[in-house]
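Trainee: Listed below are the residues making up each chain.
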Amino acid sequence: MGFFEMTKTALRTVLSRPATILYPAQAAKRTPVTRGHIVFDGSKCISCSICQRKCPAQAIVLNKEAKSWQIDRFRCVMCSSCVDTCPSKCLSMDPVYTAPASAKGVEVFTITYVKPPKPEKKEESKT
Amino acid sequence: MTKQIIVPFGPQHPVLPEPIHLDLVLEDEKVVDVIPTIGYIHRGFEKLVEKREFTEYVFIAERTCGICSFIHGATYCQGIEQIMGIQVPERAEYLRVIWSEYSRLHSHLLWFGLYADSFGFENLFMNAWRIRERVLDVMEQTTGGRVIQGSCKVGGVRKDISNEKLDEMAKDLDTIDREMKEMTTVFLNDDTVRHRTRNVGVLSREDAYHLGAAGPTARGSGVAIDLRMTGYGAYDRLNFHVATESCGDCYSRHSVRAQELFTSTDLIRQAIRKIPDGPVDIKVTGAPNGEFFMRSEQPRGELVHYLKGNGTKFLVRSRIRTPTLTNIPPLVKMLQGCDLADVPVIVLSIDPCISCTER
Amino acid sequence: MKQEQTIIPIEVGRLIGSVEQFRNEGYRLAHIGCTKVGDNSFEINYSFDKDYVLQNLRITVTAETEVPSITGMYWGAFAYENEMHDLFGIQVKGINIDFKGTFIRTAIKFPFSVSAAKEEKK
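Residue numbers (my numbering), protein chains in the order written: chain A, 1 to 127; chain B, 1001 to 1359; chain C, 2001 to 2122.
Honestly, the hints are just simulated from the structure, not real lab data. Among these hints, one or two may not hold up.
[What the hints assert, rightly or not] Partial pick of chain A residues on the chain B-facing surface, computed with a CB cut under 10 Å: (1) Phe-3; (2) Glu-5; (3) Leu-22; (4) Ala-25; (5) Ala-27; (6) Lys-29; (7) Thr-31; (8) Pro-32; (9) Thr-34; (10) Gln-52; (11) Cys-55; (12) Asp-72; (13) Arg-73; (14) Met-78; (15) Val-96.
[What the hints assert, rightly or not] One side only, chain B facing chain A, incomplete, derived with CB under 10 Å: (16) Leu-1048; (17) Glu-1050; (18) Arg-1052; (19) Arg-1063; (20) Gly-1066; (21) Glu-1133; (22) Glu-1140; (23) Thr-1142; (24) Gly-1144; (25) Arg-1146; (26) Gly-1150; (27) Arg-1158; (28) Lys-1159; (29) Asn-1163; (30) Val-1186; (31) Asp-1191.
Yeah, the Cβ is synthetic: ideal placement off N, Cα and C, and Gly gets one too.
My request is simple: use the sequences and hints to build the entire structure.
Mentor: Following this line, the structure appears as structure tokens:
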């Protein structure tokens, strides 16, 4: 038979702040390693398309000729496979979650990487 | 001759976390027979093995369920490692145990909340979930995700936890223990809870064994089956005992889960004390060729992952058999002869995780 | 880790006899699973467990073979057998609670008996 088992907890929660936060007025809590969304740096991408092959949700599409890298934010499951396998480290994970949107669509980035000219060979920079 | 009425229960019901449909055949408020139907959330996961390489399939296996996700990923990785004969580093095994036990804590706390909600005790529901927030915070600080961890891979784990963070987690466990003790005292000693759960939904020991019940559904009826005793991962180096009760009613089942909460915190403390230093993953080359039945203990019972590979990057078959699928026949047996008002309590006492059942 | 398991291939006709033997020795039913291994060939695996040791019986059938149900000995097997019928198209005869194809309703009948390559052609 138990009476008033939770009195201490009940009093403490009455007298202190609520345990919930007023999201989205207040930002969601996050930690440094939280998987929020992918950040792409176009100036380092060498167009190897490893990220496209490794993505389990098939959210990344790379177009080498048009120099565009696009990600479907709603298909992305934030698994960080692409971040771990990218050889030129142009992808990173940001702790802030993707903002809600009213229509599905893809985000397109341009690749601005310029391969540095090889020394002691013909000067031929590809832009 | 009394008339029989059929009342549909589900798929939408306030107490159900996931959709299942039960046709209850009633005679004057007593349930005479039950016809279950599943398939509302069938996503065809097992077909995806033909299109995703075995190293990527971890992410799919993890997303089978939102509550018990880490253990799905860990069991899949262990199954592949057994087929390929890979021995993961010791630190990775201990880390997997720590995350599995945190996952078990959060799942049982979630279940306690829903169970209290099923007999109308909403305040206790919110209290259980407030304790669960602490556990989810630890998961997020160490793996980056509250619900889907993404930290297992074939060959080890993807992230390491520093030793300072492990000590901090061990200290935090004291607060979690204290709050859980308060909450479980209410579940075990309160009069109102006892009235709703004692002698409700009785499953005899014979029935539990031969119908294939698993997890706390079986342990609440006296069948001591806990797959952690087979010693996968680092469990063969840790000490724990299997909690069983003998009555077979809803009270026994929630009593077993309450004891498992404290077993989990004890296992985490032991693992933090014994964890060695070293690497957390090992390089994997080649492809699996062979088959294996990997079994592990989820919060809800015995999980079976059957994996079959033929030497290519794509597996031939991945079959996930979750404990709720095997707990549905015992549920049908338990519901026969009970009152209509007891149906939500009994359905929740087996811990139905239908999205796992219906991958 | 001690997870011993053995796989015993048998004929469909000997299924009921072997299952009855397991039942008398006190094994519990762990799992019934089905794998597609060829164009019209399926392997059905019955797993029995006692004291954490797994014994498997394996039969190889086609979509037209009539597989006898083991629900006479293991009442709880109806969940697995109905699921096997609904996803693979295996004919199981004599299930105690037979849903006749309505246990799992999918858009394509018997979805797992078609391989992914064929579906992409559609």
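Trainee: Taking the hints in turn, state whether each one holds.
Mentor: These are the hints, each one checked on the structure:
Hint status for A/Phe-3: holds, given a least beta-carbon distance of 9 Å to chain B, under 10 Å. Because the closest C-beta pair between A/Glu-5 and chain B is about 5 Å apart, less than 10 Å, the hint holds. Interface hint at A/Leu-22: violated, since its Cβ lies 16 Å from the closest Cβ of chain B, which is beyond the 10 Å cut-off. Taking 10 Å as the C-beta cut-off, the interface hint given for A/Ala-25 is violated, the closest approach to chain B being about 19 Å.
Look at A/Ala-27: its Cβ only gets to about 15 Å from chain B, farther than 10 Å, so that hint breaks. Here the hint on A/Lys-29 is kept, as its CB sits about 8 Å from the closest CB of chain B, short of 10 Å. At about 5 Å, the closest approach between the beta carbon of A/Thr-31 and any beta carbon in chain B falls short of 10 Å, and the interface hint on this residue holds. Look at A/Pro-32: its Cβ gets to within about 8 Å of chain B, closer than 10 Å, so that hint holds up.
About 5 Å separates the beta-carbon of A/Thr-34 from the nearest beta-carbon of chain B, less than 10 Å, and the hint is met. Against a cut-off of 10 Å between C-beta atoms, the interface hint on A/Gln-52 is violated, since the closest Cβ of chain B lies about 12 Å away. Hint status for A/Cys-55: holds, given a least beta-carbon distance of 8 Å to chain B, under 10 Å. At about 16 Å, the closest approach between the beta carbon of A/Asp-72 and any beta carbon in chain B exceeds 10 Å, and the interface hint on this residue is violated.
About 17 Å separates the beta-carbon of A/Arg-73 from the nearest beta-carbon of chain B, more than 10 Å, and the hint is not met. Annotation: interface hint on A/Met-78 holds; nearest CB of chain B at approximately 8 Å, less than 10 Å. Look at A/Val-96: its Cβ only gets to about 13 Å from chain B, farther than 10 Å, so that hint breaks. Satisfaction of the interface hint for B/Leu-1048 is found here, the shortest Cβ-Cβ separation to chain A being roughly 9 Å, below the 10 Å cut-off.
Given hint, B/Glu-1050 at the interface with chain A, is violated; its Cβ is 14 Å from that chain's nearest Cβ, farther than 10 Å. The interface hint given for B/Arg-1052 holds, since its Cβ lies 6 Å from the closest Cβ of chain A, which is under the 10 Å cut-off. Satisfaction of the interface hint for B/Arg-1063 is found here, the shortest Cβ-Cβ separation to chain A being roughly 7 Å, below the 10 Å cut-off. For B/Gly-1066, the interface hint is violated, since its Cβ never comes within 10 Å of a Cβ in chain A; the closest pair sits about 12 Å apart.
The beta carbon of B/Glu-1133 is positioned within 10 Å of a beta carbon in chain A (closest approach about 7 Å), and the interface hint is therefore held. Look at B/Glu-1140: its Cβ gets to within about 5 Å of chain A, closer than 10 Å, so that hint holds up. Among the interface hints, the one on B/Thr-1142 holds; its C-beta lies about 8 Å from the nearest C-beta in chain A, closer than the 10 Å criterion. Given hint, B/Gly-1144 at the interface with chain A, holds; its Cβ is 4 Å from that chain's nearest Cβ, closer than 10 Å.
Taking 10 Å as the C-beta contact cut-off toward chain A, the hint placing B/Arg-1146 at the interface holds, the least distance being around 9 Å. Interface restraint check for B/Gly-1150: the shortest CB-CB distance to chain A comes to about 5 Å, inside 10 Å, so the restraint holds. Because the beta carbon of B/Arg-1158 sits about 7 Å from the nearest beta carbon in chain A, less than 10 Å, this interface hint is met. A least Cβ separation of about 7 Å between B/Lys-1159 and chain A falls short of the 10 Å threshold, and the interface hint therefore holds.
Interface restraint check for B/Asn-1163: the shortest CB-CB distance to chain A comes to about 17 Å, outside 10 Å, so the restraint is violated. Evaluation of the B/Val-1186 hint against chain A yields a held restraint, the C-beta minimum of about 5 Å falling below 10 Å. For the restraint placing B/Asp-1191 at the interface with chain A, the shortest Cβ-Cβ distance is roughly 7 Å, inside the 10 Å limit, so the hint holds.
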